[in-house]
Every structure is written in C-alpha cells, then in structure tokens.
Amino acid sequence: MSERTVRTSLYAVKVTNGQERTVALMLSDKAKVEELPIAAILAPAELKGYIIVEAERPHIVDELIRGMRHTRERVQGTISPDEVNHYIETRPVVEGLEEGTLVEVIAGPFKGMQARVVRVDVTKEEVTIEILEAAFTLPITVHADYVRELKGVKM
Amino acid sequence: MPRACRTCKIITNENVCPVCKGTELSDDFSGLLVVLDPENSLLAEKLEAKEAGNYALKIR
Ligand SMILES: [Zn+2]
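Residue numbers (my numbering), protein chains in the order written: chain A, 1 to 155; chain B, 1 to 60.
If we strip away everything but chain B, and leave its shape as in the complex, we get (with noise of 0.2 Å):
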C-alpha cells in the first residue's frame, strides 16, 4: 500500500522513505505530482522536489 513521506511527500512502498530516510509516512494523502525532470521542471520547485518520483499535493 502507497504511503507520502511527510517531509518530503514523495508517494513510496517502502517502511522508510528513499529521499530523506525519514519514517513519518502516511496512508491519507491526495493529489499528485509525477516530477519526470527534477533540473528543469517549475512545478517540482514549487513542492521542492528534487528528485524524480511520484509526490503526494496534501498529506493528512
């Protein structure tokens, strides 16, 4: 079952988020962003992105 990171709200499978390594990972989260191209997209600026993935909008 997906789960979004809390810091960095990239959506993941794992126990433990691959960007961060931070373990506050939540089941209730909506929206998304896939960021495809971290250098030069505006939109993964926006949420502070760095990395490519699939990110959670709002987290509860």
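So that you can see chain A by itself, here it is in the shape it has in the complex (with noise of 0.2 Å):
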C-alpha cells in the first residue's frame, strides 16, 4: 500500500510542559533551514510533555533537539506507529450516525441521557437530535463528538 522508500522511525522528545505546540514549530523551523531530514513531527493537544518526531535515525533527532530552547531529551526507544493512530483520527465523527440511531449523549448539559438522531449535517459534523427522557421533544443540534452510538439499538 505504501510507497515511502525511507524507512522512519517515530520518536518521542521530552519537553516543557505546555510548549509542545511552540516547540513542535521552532524544531520544524530548524529542520528546513538546516534542512534535516525529519519527515514529521507532530504534537497531539493530549500528549503533555512530550512530541514526536519522525525520522529515519535518533542521532538526526538529536542533532534536531540539540541547544533548543524547551526540550528536555529524546526518549530511548522507538513508538509503534499504531500507538498514535488514536491522535491521528480520520474517521469522520458522524460514521454510524444516521436519521432513527439511539445515542446516549456524552458531553454538555444533556450529559447521560438518551437521545434519538433526527438529522446529520456530515459536513459539519452536526446531528440534530432528541432527548428521549425529555417531558416533550426539543430537536437540539450539537457537534457529532457529543454523542455515541448506543450499538445494535435503532428506532
């Protein structure tokens, strides 16, 4: 399926809490204008204190870090490239939703309760939906994120 021809590892760089974001974009400066071969880096909003960085050798990782300003040190070791799929999501937020799907809503006000999708807006990423348990039905519409699917149970 792929066709890289270079053979990069992932590695993890110790950081300064809350700088991930900034350091990610200085050493992303650094690697054009010294042009390293680093072939990515990236910084989930989830991952305090750490980034990684994409490269075919931890020694173009150290040579990457060297004297910049809010890294610590490279962590020994590679990361499987599985465990960041879960940073890295391309399915979309509304898959599994349509028109009828019973939904327990995870987030907001509504937190808790059961809900049936009336409408999904997949570009967006909205569902428009209605609480079960309400004493009459208010269609509310809210991000695709704040609900999940109450498996095997349609209406």
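Any given hint might turn out to be false.
[Unchecked claim] Stretch by stretch, here's where chain A covers chain B in the computed footprint (C-beta under 8 Å, at least three residues):
id	segment
1	13-25
2	34-41
3	44-52
Calculated from the structure, these hints are not laboratory results.
Where a beta carbon is used, it is the ideal one built from N, C-alpha and C, also for glycine.
Bring the two chains, given one by one in their own frames, into a single complex with the hints.
Okay, here's the thing in structure tokens:
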C-alpha cells in the first residue's frame, strides 16, 4: 500500500509542559533551515510534556533538538506507529450516525441522557437529536463528538 | 487568524484552503502535525496529508 522509500521511526522528545506546539513549530523551522531529514513532527493536544518526531535515525532527532529551548531529551527507543493512531483520527465523527440512531449524550448539559438522531450534517459534523427523557421533544443540534451510538439499537 | 480546512485539515491564514480550494474553514481546532516530507512520512500517510504544511488533528 505504501510507496514510501525511506523507513522512518517515531521518537518521543521530552519538552516543557504547555510548550509542545511552540516547540514543534520551532523544530520544524530548524529542520527546514538546516535541511535536516525530518519527515514530520506531531504534537497532539492530549499528549502533555512530549512531542513525537518522525525521522530515519535517532541521531537526526538528537541533532534537531540540540540547544533548542524547552526541549529536554529524546526518550530511548521508538514508538510503534499504532500507538499514535488515536491521535490521528481520520474517521468521520458522524460515521455510524443516521436518522433514527439511538445515542447517548456524552458531553454538555444533556450528558448521560439518551437521544434519537433526527438529522445528520456531515459537513459540519453536527447531529440534531431529540432527548428521549425530556417531557417534550425539543430538537437540539450538537457536535457529533457529543454523542455516542448505542450499538445495535434502532428506532 | 489561522484556521483549519475541514476537508484536508491543513492550517491556513487564507480564506480559501491552499490545498483543496475548499472554503469550509474552522478556527476551532487542536493538535498539530507538521509535515516536512510528505512522500516519506508515515504520520502524513495516516492523516492523508499529501503536501508539506501544518495540519490540525481535531477540528470542531
Ligand atoms: Zn482543504
């Protein structure tokens, strides 16, 4: 499937908490200026105190971070590509949601309640739902992240 | 103010996405993937990023 010719690995680099994004941008500038063979730099919002650098060899990462502010050290070893999949979510958030799908609301003021999907907006990644436990059905529109499909239940 | 394309996730200051020419841009995004070598990056492949640039990981 892949046509990549260079075999890269993923290396974690310890950085100052809260500076992950800034460091990733600084390091990418350095890689460009010094023409270091860095493939990519990943800074997920959920990952505190680390960034992930993709390169062919660990010494390239060491060269990249040498003398740079807010960077501590490269963590020994490599990270399995599968470990970063959950940071890079390409699955559409509305996947599996359609009119009639029963969902549980997992965030916001209606958290914990069950609802029925009445409309899906794929582009905006929004769903319009009716809360089942409400005294009267008032449709509300929320981001699709706010609901989770109740598996195997359709109305 | 930078915004992220809802289609290809690239972060841009323009009103039109420089990659897909789409106009569905969001200022509510998080996470960062800097793609320097799209041909050889497995992270770029995972995100389906075909051009160098800064990409958002999650877009609202
Ligand atoms: Zn785009």
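The hints, checked one at a time:
With a threshold of 8 Å between beta carbons, the proposed coverage of the segment 13-25 of chain B by chain A is violated, since 1 of its residues qualify and at least three are required. For the segment 34-41 of chain B, the assignment as covered by chain A holds, since 7 residues bring a beta-carbon within under 8 Å of that chain's beta-carbons and 3 suffice. Judged by the Cβ-Cβ criterion of 8 Å, the segment 44-52 of chain B is covered by chain A as claimed, because 5 of its residues qualify and three suffice.
In the structure shown, a violation is registered for the earlier hint numbered 1 alone.
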